Amino acid sequence: MTVAERQRVRPVSGREGWRAAALLALAAAVVILCLVSVATGTRSVGWVDIRAGIGGATETIGQAAVAARVPRTLLAALVGAALGLSGTILQGVTRNPLADPGILGINNGAGLAVVIGLAWFGMSADSSFVWVAILGAGMTAVFVYAIGSLGRGAATPLKLALAGAATAVAFSSLTMAVVLPRSDISGGALGWQIGGVGGATFERIELVLPFLLAGCVIGMLSARKLNMLALGDEVAAGLGERVALARGMAALGAVMLCGAATAACGPIAFVGLMVPHAGRLVFGVDHRWLLPCSALAGAALLIGADVIGRLVARPSELDVGIVTAFLGAPFFIWIVRRHRVREL
Amino acid sequence: MLLVLLCGLAAAMALALMLGQSFTPPGQVLRVLAGEDVPGASFTVGQLRLPRTLLSVLAGFSFGLGGAAFQIMLRNPLASPDIIGVSAGSAAAAVWGIVFMSLEGPALSALSVAAGLSVALLIYALSFKGGVTGSRLILVGIGVSAMINSFISYALTQAPSWDLQEALRWLTGSVNGARLGQSGFLALSLLVFGALILGRRRDLEALRMGDDLAAALGVRVGLTRLSVILGAVGMIAVATATTGPIAFVAFLSGPIAARIVGPNGSILIPAMLVGGGLVLGGDLVGQFALPSRYPVGVVTGALGAPFLIYLIIRANRTGASL
Numbered sequence: 001m002t003v004a005e006r007q008r009v010r011p012v013s014g015r016e017g018w019r020a021a022a023l024l025a026l027a028a029a030v031v032i033l034c035l036v037s038v039a040t041g042t043r044s045v046g047w048v049d050i051r052a053g054i055g056g057a058t059e060t061i062g063q064a065a066v067a068a069r070v071p072r073t074l075l076a077a078l079v080g081a082a083l084g085l086s087g088t089i090l091q092g093v094t095r096n097p098l099a100d101p102g103i104l105g106i107n108n109g110a111g112l113a114v115v116i117g118l119a120w121f122g123m124s125a126d127s128s129f130v131w132v133a134i135l136g137a138g139m140t141a142v143f144v145y146a147i148g149s150l151g152r153g154a155a156t157p158l159k160l161a162l163a164g165a166a167t168a169v170a171f172s173s174l175t176m177a178v179v180l181p182r183s184d185i186s187g188g189a190l191g192w193q194i195g196g197v198g199g200a201t202f203e204r205i206e207l208v209l210p211f212l213l214a215g216c217v218i219g220m221l222s223a224r225k226l227n228m229l230a231l232g233d234e235v236a237a238g239l240g241e242r243v244a245l246a247r248g249m250a251a252l253g254a255v256m257l258c259g260a261a262t263a264a265c266g267p268i269a270f271v272g273l274m275v276p277h278a279g280r281l282v283f284g285v286d287h288r289w290l291l292p293c294s295a296l297a298g299a300a301l302l303i304g305a306d307v308i309g310r311l312v313a314r315p316s317e318l319d320v321g322i323v324t325a326f327l328g329a330p331f332f333i334w335i336v337r338r339h340r341v342r343e344l
Numbered sequence: 001m002l003l004v005l006l007c008g009l010a011a012a013m014a015l016a017l018m019l020g021q022s023f024t025p026p027g028q029v030l031r032v033l034a035g036e037d038v039p040g041a042s043f044t045v046g047q048l049r050l051p052r053t054l055l056s057v058l059a060g061f062s063f064g065l066g067g068a069a070f071q072i073m074l075r076n077p078l079a080s081p082d083i084i085g086v087s088a089g090s091a092a093a094a095v096w097g098i099v100f101m102s103l104e105g106p107a108l109s110a111l112s113v114a115a116g117l118s119v120a121l122l123i124y125a126l127s128f129k130g131g132v133t134g135s136r137l138i139l140v141g142i143g144v145s146a147m148i149n150s151f152i153s154y155a156l157t158q159a160p161s162w163d164l165q166e167a168l169r170w171l172t173g174s175v176n177g178a179r180l181g182q183s184g185f186l187a188l189s190l191l192v193f194g195a196l197i198l199g200r201r202r203d204l205e206a207l208r209m210g211d212d213l214a215a216a217l218g219v220r221v222g223l224t225r226l227s228v229i230l231g232a233v234g235m236i237a238v239a240t241a242t243t244g245p246i247a248f249v250a251f252l253s254g255p256i257a258a259r260i261v262g263p264n265g266s267i268l269i270p271a272m273l274v275g276g277g278l279v280l281g282g283d284l285v286g287q288f289a290l291p292s293r294y295p296v297g298v299v300t301g302a303l304g305a306p307f308l309i310y311l312i313i314r315a316n317r318t319g320a321s322l
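Protein chains in written order, with the numbering used here: chain A, 1 to 344; chain B, 1 to 322.
Derived from the structure by calculation, the hints contain no laboratory data. Just so we're clear, the structure is a prediction, and the values are computed from it rather than from any experiment. Mixed in with the good hints, there may be bad ones.
Chain A stretches covered by chain B per the calculated footprint, using a threshold of three residues with CB under 8 Å from any CB of chain B [as the list claims (entries may be wrong)]:
1. 96-104
2. 168-178
3. 322-333
Virtual Cβ for every residue (Gly too), placed ideally from N, Cα, C.
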């Protein structure tokens, strides 16, 4: 081993402590953003009210505003973490740098399932939303992957992205077909076209929390398997990994996460796309580090986007799904331009 | 084959002129078309059904021809302008015009066409990096259209509820309230932009073999691509401005025409005819065959998902490429 090579190798082994520090910094950023999110909004409030509001007091208008921002912030953090995590898992499973629940049309599938439930099955209980949305997300994931792997060769990023876009268009026009003649649900159904965390309550969070936790556990457990899959199917199989099982389990976690997230606040695109790329720049490609980092970074991103949405459109607000689309689409284009397309 | 398609389209048009709340016998339709004044039939056929039929067919021509040109150019049946967002710009501009500026008529069309062309050029420019490759164009288009769609959703949330229904209906695409003047405008645009595409027809067909091979055969790939994009986007933007983005017509026409023509012929003209038939047939189905009246875009949009499934089944059976 030459000196130059040794120098290149050493930082990798010495990086663990540094990574842990970065992870801590990220966690601190999430906490700070949570505070910012609680403190800012259409109504400016003072420190006294903020402290009282977080404690649950609702005596003044300021305290009530803060108390309403708490579940909203919590929901943004949870959903952001879920989307970041599921994006990282999906990119690992498909070995595709463009995978994202929004780009692949999975969110639209969840939305369509919910609208169908509303229109034909008289669904009204909030708890059934979650099941239906996860079911829709799962079926759509399988569907898109099936179209994407059509034809010669495996599912290339280009084919998957196209399949996802086509599916998204098809599903949103089906949604429209269901909604148009029913003016009674068209208002509620429109909410399923853009994601937002406004109007969050603790009850809604409690409904999706078990699913988010389960998806999170499955996802974290599959970190090692994702590292194996990154070596390529043949090598992973040669090392004793059951490839199909590993892929199915990881994908199940991702689908649960993004389905539950969609059930909680509608389709939010691009969080799952941006987070893994940023994470890989800092933490490298080891999924045991990348997954926790994605969860934290996703939470930070979504809380931040929500704060931006509340600040730029004062006194009204932009839904967070719109903010992430405007942040994420340029990012997507940047990735596409950076890679040589054959490598994609 | 062309002849069969033409006859089918003519038959569908005749049917569309005869059918309605009340049936009009063919003799009366012919007399109205000849310019005679027939009590009762003159209004329903001349003022209501004729403009609607013409508009459906011409809009379908625009979507069909433009979509097929894109699919041939990018060598991928999924890469039609409505999927990769090239035509999303005109939809967004029109929704903006309806909701925030209360525009209608020619001003709305002009805005929509201008926005459609500029978004298409933006996509082209963003995918330019020492030349444009088809796959980068597709991916950049998907990214841009995601952004535009979220913009449309934002405009919809801001819309007052009386505009909302109008904007929603428009977004799905419908030929309600058609006027003859619209058809004249559409025919003109079809002529101008169609010439851009059909004038490069040979070069476009050569692109099927791959960019490198086509270039070796003496085709100017960049120029061909640019003029096809201009032509296709132009005609689709004008049609979108008039009827709204009728879902999946641009996407479906090419592959259906390819099935009809077989592997050897050119599919441009057949795809155009198929597009006309799709819109006309979809409108008839939406008006009369379903329990409640749907705009045509809902009917064609519902065809899209089954077609994707069909693609999967076919590819699984034959192991063929898309």
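Evaluation of the provided hints:
no.	hint	result
1	96-104	holds (count 3)
2	168-178	holds (count 7)
3	322-333	holds (count 8)
Taken one by one, the earlier hints all hold for this structure without exception.
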